[in-house]
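Undergrad: Each protein sequence line maps, in turn, to chains A and B.
Residue numbering for the first sequence follows the working numbering, beginning at 2 and increasing consecutively.
Residue numbering for the second sequence follows the working numbering, beginning at 183 and increasing consecutively.
Treat the hints loosely; a few may be bogus.
[Claimed, not checked] Okay, derived cross-link-like pairs now, DSS-like style, lysine-lysine, Cα gap no bigger than 25 Å in a straight line: (1) B:K256 <-> B:K317; (2) A:K324 <-> A:K273; (3) A:K196 <-> B:K317; (4) A:K196 <-> B:K261; (5) A:K131 <-> A:K273; (6) A:K131 <-> B:K355; (7) B:K219 <-> B:K299; (8) B:K261 <-> B:K299; (9) B:K261 <-> B:K211; (10) B:K219 <-> B:K355; (11) A:K129 <-> B:K219; (12) A:K324 <-> A:K129.
Keep in mind the hints are simulated off the structure, nothing from the lab.
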Amino acid sequence: MNPRTRHALEFTLDNLVWFMLVFVLVVFSISIPNYFQLGIFANIIEASSVLGVMSIGLALVIITGHMDLSVESVAALSAMAVGILFCSAGIGLGVQLHPEWLMVPVSLLIALVVGGIIGTVNGYLVVKVKMSAFIITLASYIWVRGLVLVISGGRSAQDLAPAIRWFGIQRLLGLPLTAWITISCFVIFSLIMAKTPFGRHLVMIGGNETATFRAGIRVTRNLVIAFVLAGAIAGLAGWLLVIRTSGATANLGVGLLFNAFAAVVIGGVSLKGGVGTLPGVYAGVLLLSAINTAINLMGLPANFTQVIHGLLVLAAVLLDAFKQTIRQRLA
Amino acid sequence: MSGAQPGMSEPLLVLDNVAKNYGAIEALKGISFSIGKGEVVALLGDNGAGKSTLVKIIAGGLEPTSGRMLFEGKEFLAKSPAEAKAAGIETVYQDLSLCTNVDVVANFFMGREITRKFLGIPVLDEPAMEQVVEKALASAGTRIPSLRTNVEHLSGGQRQAIELNRFVHFGGKLVLLDEPFAALGVEQTRRGLDMIRQVASQGIGVVIITHIMQQAFQVADRIVVIRQGVVAGDVARNKTSPDAVVNMITGETLAGAGPAG
């Protein structure tokens, strides 16, 4: 194979998800009436803001060669904590702060800290105690959701304080501020992964943990930070979730994990670790959202979405395996 | 062959009765020898003699059960590879220590990236790193098509060249090489041995583990043989012969009880 073909092939593999996104958008625009509108595209971005943020955290951990199944429940717990404190109806306590805007940083901080704490627990057990990330975070996925049920008593909180809700209503260039928060998160974390030693180290740890340890990189510390970040980012996703729904229910966000998982894998992050970039993950998120929007527009029963998502996850994992085979051929 | 004469150089690293047990199994029963500045010591021994264990202890990957080490005259024990590196000990391991999922430059600078501050945040200085790698590889005569290719696309020889050039570049005070030439061709091995002499001539101590007697005699000032966790021989290269060393390794008596050569 000559170098140019190989280069083209590698470029295609690296950016496969962007090609798929464009392809899907073009096909939907042609085949589904009313799909090709700015409002629809804005909606695709808007609808994916919670999923997008959650996928960042999940991707970070998977790139290091580990796994975090707890992100969905962590987001729900953060959302519920903010919901109970700052909602005025249902189980909401309706806490008021003066001046009102103070509720924004305080609620955000609470969401981040709640997520960060769960992330720390996961990180400690996986990295320091050296237990399987799959099992530990699966356990967290279950007990954290249980905690949401316990503190809410299965009931919900409604009517989020307007000062916080403002982020979901106020628009800039046609997109709500929550969507901009997601986009900035992607920009910031993409830069961290690509341009800083910390990001570079995470990728290398995912590639060959022994080598990075021998090279004097503080592997344990970096891995724990990755888990804490994943937790805190999931907390941020929960904060966006509570704003989006203007309240919190006990089953808030159920099913998001598998969407996030699908987005990350479709986005080109290898489950083996060490491979994948965050811009790709964002394309994966948008791709899922574009498909969801298409399902809605076509008026398919909502029950179909779950079948399609399941098939997408399956397709994504198969794609991952397929890409690895091609890469091995290339090597 | 030039190089510092053994005995003349002051000791850089002294091992004093270093032992390592795994439960009831004694991997190292008590190893004592020393390495001088600018001295090349070949560490020989049969499979399972404890050579790699010893290297890991010096390099901070394993903690010894007992014994002590003196590095530059001071008590020394590296709890992690990072500590050993900070003290000036570079290691090239038997199984390659490269991350194949990133490019040549990233591997060369693994854990030691050149950064510049942007708003107080350390940012990778890619052009600067690329320049250094280019220079280092060129001066060693290693040809790699693109420094931005991921290492997974490189041959075994090219990979090992990256590791060897890495230690030549970063130098330090002591270099440990655990079978560094396993994947190299004849010409590359010759160049690798030259590199070792060149590094030693800068006053850096070198410990090289090898199975190939010829290489040991080509490059080493002193030969240390480990057998069953103890030092079975510690001789200057010019005062011994390959046959005598083989006898030390296999445990035949030194006097040459084996068949005449």
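Undergrad: Let me make sure I understand: some of the numbered hints might not hold for this structure. Which ones are they, in numerical order?
TA: Hint check: 1, 4, 6, 7, 8, 11, 12 fail, others pass.
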